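Peer 1: Add chain B to chain A, keeping to what the hints say.
First to last, the protein sequences are chains A and B.
Per the UniProt record's numbering, residue 1 is the first one in the first sequence, and the count goes up by one each step.
Per the UniProt record's numbering, residue 1 is the first one in the second sequence, and the count goes up by one each step.
Simulated from the structure, these hints should not be mistaken for lab results.
Any given hint could turn out to be false.
Identical copies carry no separate label here, and so any pair may be met within one copy or between two of them.
As the list claims (entries may be wrong) - The calculated lysine-lysine pairs, modelled on DSS-like cross-linking and capped at a C-alpha distance of 30 Å, are:
1. Lys152 to Lys194
2. Lys203 to Lys52
3. Lys160 to Lys203
4. Lys194 to Lys160
5. Lys41 to Lys347
6. Lys41 to Lys152
7. Lys194 to Lys20
8. Lys343 to Lys41
9. Lys52 to Lys194
10. Lys20 to Lys343
11. Lys152 to Lys174
12. Lys347 to Lys409
13. Lys194 to Lys174
14. Lys343 to Lys412
15. Lys20 to Lys203
16. Lys347 to Lys20
17. Lys152 to Lys104
18. Lys160 to Lys104
19. Lys41 to Lys203
All figures in this text were calculated on a predicted structure; none of them were measured in a lab.
2 protein chains.
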Amino acid sequence: MLIQDIRNSIVDIADLNQLKFDLNRLQPVDVGEYISQLPEKQRAIAFRLLNKSQAIDVFEYLPPEVQEELINSLHDVQVVQLVEAMSPDDRAELFDELPAKVVKRLLQELSTEQRQATATILGYAEATAGRLMTTEYVWLREGLTVGEALSKIRRQDEDKETIYYAYVTDDNRKLVRVVSLRQLLFTFPDVLIKEIASDRVLKVHTETPQEDVAQIMKRYDLIALPVVDREERLVGIITIDDVVDILEEEATEDIQKLAGVSGDDGALAHPLVTIRKRLPWLLAIMGLYIGASSAIAPFQGVISSVPVLAVIMPLFSNTGGTVGVQALTVTIRGLGIGEITTKDTLKILRKELTAGLATAVTLGITMVMLSMIWAQPQERWVGFVAGIVMATNTLVAVTLGTFLPMGLKRLKLDPALISGPLMTTLLDAIGFVTFLSMISVALHFFK
Amino acid sequence: MLIQDIRNSIVDIADLNQLKFDLNRLQPVDVGEYISQLPEKQRAIAFRLLNKSQAIDVFEYLPPEVQEELINSLHDVQVVQLVEAMSPDDRAELFDELPAKVVKRLLQELSTEQRQATATILGYAEATAGRLMTTEYVWLREGLTVGEALSKIRRQDEDKETIYYAYVTDDNRKLVRVVSLRQLLFTFPDVLIKEIASDRVLKVHTETPQEDVAQIMKRYDLIALPVVDREERLVGIITIDDVVDILEEEATEDIQKLAGVSGDDGALAHPLVTIRKRLPWLLAIMGLYIGASSAIAPFQGVISSVPVLAVIMPLFSNTGGTVGVQALTVTIRGLGIGEITTKDTLKILRKELTAGLATAVTLGITMVMLSMIWAQPQERWVGFVAGIVMATNTLVAVTLGTFLPMGLKRLKLDPALISGPLMTTLLDAIGFVTFLSMISVALHFFK
Chain A
1 MLIQDIRNSI
11 VDIADLNQLK
21 FDLNRLQPVD
31 VGEYISQLPE
41 KQRAIAFRLL
51 NKSQAIDVFE
61 YLPPEVQEEL
71 INSLHDVQVV
81 QLVEAMSPDD
91 RAELFDELPA
101 KVVKRLLQEL
111 STEQRQATAT
121 ILGYAEATAG
131 RLMTTEYVWL
141 REGLTVGEAL
151 SKIRRQDEDK
161 ETIYYAYVTD
171 DNRKLVRVVS
181 LRQLLFTFPD
191 VLIKEIASDR
201 VLKVHTETPQ
211 EDVAQIMKRY
221 DLIALPVVDR
231 EERLVGIITI
241 DDVVDILEEE
251 ATEDIQKLAG
261 VSGDDGALAH
271 PLVTIRKRLP
281 WLLAIMGLYI
291 GASSAIAPFQ
301 GVISSVPVLA
311 VIMPLFSNTG
321 GTVGVQALTV
331 TIRGLGIGEI
341 TTKDTLKILR
351 KELTAGLATA
361 VTLGITMVML
371 SMIWAQPQER
381 WVGFVAGIVM
391 ATNTLVAVTL
401 GTFLPMGLKR
411 LKLDPALISG
421 PLMTTLLDAI
431 GFVTFLSMIS
441 VALHFFK
Chain B
1 MLIQDIRNSI
11 VDIADLNQLK
21 FDLNRLQPVD
31 VGEYISQLPE
41 KQRAIAFRLL
51 NKSQAIDVFE
61 YLPPEVQEEL
71 INSLHDVQVV
81 QLVEAMSPDD
91 RAELFDELPA
101 KVVKRLLQEL
111 STEQRQATAT
121 ILGYAEATAG
131 RLMTTEYVWL
141 REGLTVGEAL
151 SKIRRQDEDK
161 ETIYYAYVTD
171 DNRKLVRVVS
181 LRQLLFTFPD
191 VLIKEIASDR
201 VLKVHTETPQ
211 EDVAQIMKRY
221 DLIALPVVDR
231 EERLVGIITI
241 DDVVDILEEE
251 ATEDIQKLAG
261 VSGDDGALAH
271 PLVTIRKRLP
281 WLLAIMGLYI
291 GASSAIAPFQ
301 GVISSVPVLA
311 VIMPLFSNTG
321 GTVGVQALTV
331 TIRGLGIGEI
341 TTKDTLKILR
351 KELTAGLATA
361 VTLGITMVML
371 SMIWAQPQER
381 WVGFVAGIVM
391 ATNTLVAVTL
401 GTFLPMGLKR
411 LKLDPALISG
421 PLMTTLLDAI
431 GFVTFLSMIS
441 VALHFFK
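In isolation and in its complexed conformation, chain A is listed as follows (with noise of 0.2 Å):
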């Protein structure tokens, strides 16, 4: 059931009776979705309609706000039985949030067990594997048979995150092998776990940034990945609904960097936030152009002599602009996306040069064509230099757009911070200038 439904489903906010049966009927998400919507004052009157379980389980999907607005308003006994039970991956992201006072009164109302939980992942750096693992995984000891491994699963408490894989740790605690639920389910009782358990367990550490844990989930296929500490101990692990989220983010980030836009300017966000978050890359860009145009505006008597440029170059610059942000979006989403790395940088130039040699022949050939129709008769030889500058502008164009993003991701910076109007004002700026140079010193011939 998706959200249109639950919204036509919820009908009459009135009714409380329906609106309680309704709301411990649906998906723990749908109903968190349908909370944080609510107008601030009904959001605890809603909340207060769910069972004890429905409740647990909504609380992880409500956004940090709506969480913290929800503690404040809660008795202390219900806030303590929420926050000890979610997991604690999601409570760690929630004391991110909270101020200080709050997660050190909440800390000391947990248990031991969860608040060491807490405590350990809040030690790690934010989107590092540490940060988003949790605790609560299935660990077996190598000497174990398979009969004692599942009865060790069984009598364990339903928390685990996943059950699914069991990870197999030495005496030292240090992770050496992984065996999934469903081998150990198909062995006798009495084979020994190491004899089934495969010791090609691929893991991270718990500083692996989370686009890294993302691509290695991704690529082997896995459920579930284990985080190990310097020592090779195991301390975590991480599953992949965390890690859909993540590539979602990621491909998000990529697509708004290259747009010029960044963060949290979602489509629902707030305006302000929006006219923060695009607004600056605005005005940079019209800085840049302070610079170039400062470039071209020597060329203004050049320009008043031959007024088809005026026509020609805002061509010039479009087509230019999009050669160069084509190459560019390929090689952002080719590396976000792990397909290529810096070390394929000059197979793809020359792939990229290849395919430019036919387009900038075709631009160029085009380009002359235009001029002809749009020229007066004597200004048609200004068409051929269009022809030329807008070919080999195509070339710079696609190196830059292949070269920019592989340098700063060779530099270790984020290969999106050339954004598509930084590309589009650095060609405009490049092209600008050699196509008037050329037009000036042929005037300089033809007059």
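Peer 2: Chain B in isolation, oriented as in the chain A frame:
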């Protein structure tokens, strides 16, 4: 271990014994990538070094063209073993690519069960749930006890894609409940499964588009999703690993289309593919510009007499385009990740216009100030006109950036059909004509 490490670990390709050891030890996806990158003649040699179970796993990770090559170069017996062991959804994907003759021969060689499974999947349209699903899932009848269910799961062969969820059907094979292996393990054996299985079963129909499947699995954090036919009978399940790939593909498509790139034009594409995919967009933009330019051409005289326009117009065009592409990107991505629907059009438009107004004023004022710097004293009035047009152009840009993709979506077309370059060209045409007309009118009064 990432692909870079593997390239290093397989140092000496000449040493076949070492290579054989490495290829059988590494992860199937890495071996698949390694083999795909070998020269054509070496691929079959490398593949023959794999032991049977590794060969079966690796084969599923090879791209269809390499699979086809191997099918032609391996012995028939081996081919049948490989194809028989593939999961039905991967096999359907391969059969899509193979010549009909080869498919027919292979289908005859398959076991009845696998042949039926493949035929079922091939019967559904591409990019739908039916095509994406596997028929290897666990299903239980309502009347079983937990103990009977567990021993049924254990008795089934190990082929099932996931055993972590079992789907409960009534006597007509209609899907009625779902139960997790975890629930089964934590319950006493004599309890009836219908007492613990949930009747809140999320499911999709065979014809549900793959984007919707992906959004549902992401939203509800599912690792498997059942697929039913029109009579609500269970016919297959979709697993999270397939969905992760789809989410990434959809994001890549959105990014590429925004930049005026499309389809298979990845960073590693063949130059001919790159040319074929990008050049049409470029020529289309040039074509549009012919229209736009014939609108600008009559103003050549105006530009001649006010040369500062040559400096102002590119800035004007680039900034207006960026504003439009920002709004466009946020809207397309919002629709892509299911954050907004066409019902939100007015809401988003209101927000974009609010933010746009502030942007318009800022950019307008900046434009006036910049024109003051560049223009001759007698041309300063141009700056005020430029400022006003810049401001109105900003509002037009955010309106079009929001409205066009929403409109396409409402017409059930792909909102990303409005690419960035198309947006820029459109805004240029509107902006230039407005600007130059206002300047012409003003010239009448001033001269």
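Peer 1: Does each hint fit the structure? Answer for all of them.
Peer 2: Tested hints:
no.	hint	in the structure
1	Lys152 to Lys194	both (16 Å within a copy, 26 Å between copies)
2	Lys203 to Lys52	between (36 Å within a copy, 26 Å between copies)
3	Lys160 to Lys203	both (19 Å within a copy, 25 Å between copies)
4	Lys194 to Lys160	both (22 Å within a copy, 24 Å between copies)
5	Lys41 to Lys347	between (59 Å within a copy, 22 Å between copies)
6	Lys41 to Lys152	neither (46 Å within a copy, 51 Å between copies)
7	Lys194 to Lys20	between (50 Å within a copy, 24 Å between copies)
8	Lys343 to Lys41	between (56 Å within a copy, 25 Å between copies)
9	Lys52 to Lys194	between (41 Å within a copy, 23 Å between copies)
10	Lys20 to Lys343	between (58 Å within a copy, 26 Å between copies)
11	Lys152 to Lys174	within (19 Å within a copy, 36 Å between copies)
12	Lys347 to Lys409	within (16 Å within a copy, 38 Å between copies)
13	Lys194 to Lys174	within (14 Å within a copy, 41 Å between copies)
14	Lys343 to Lys412	within (13 Å within a copy, 42 Å between copies)
15	Lys20 to Lys203	between (44 Å within a copy, 24 Å between copies)
16	Lys347 to Lys20	between (61 Å within a copy, 29 Å between copies)
17	Lys152 to Lys104	neither (34 Å within a copy, 50 Å between copies)
18	Lys160 to Lys104	within (25 Å within a copy, 47 Å between copies)
19	Lys41 to Lys203	neither (45 Å within a copy, 35 Å between copies)
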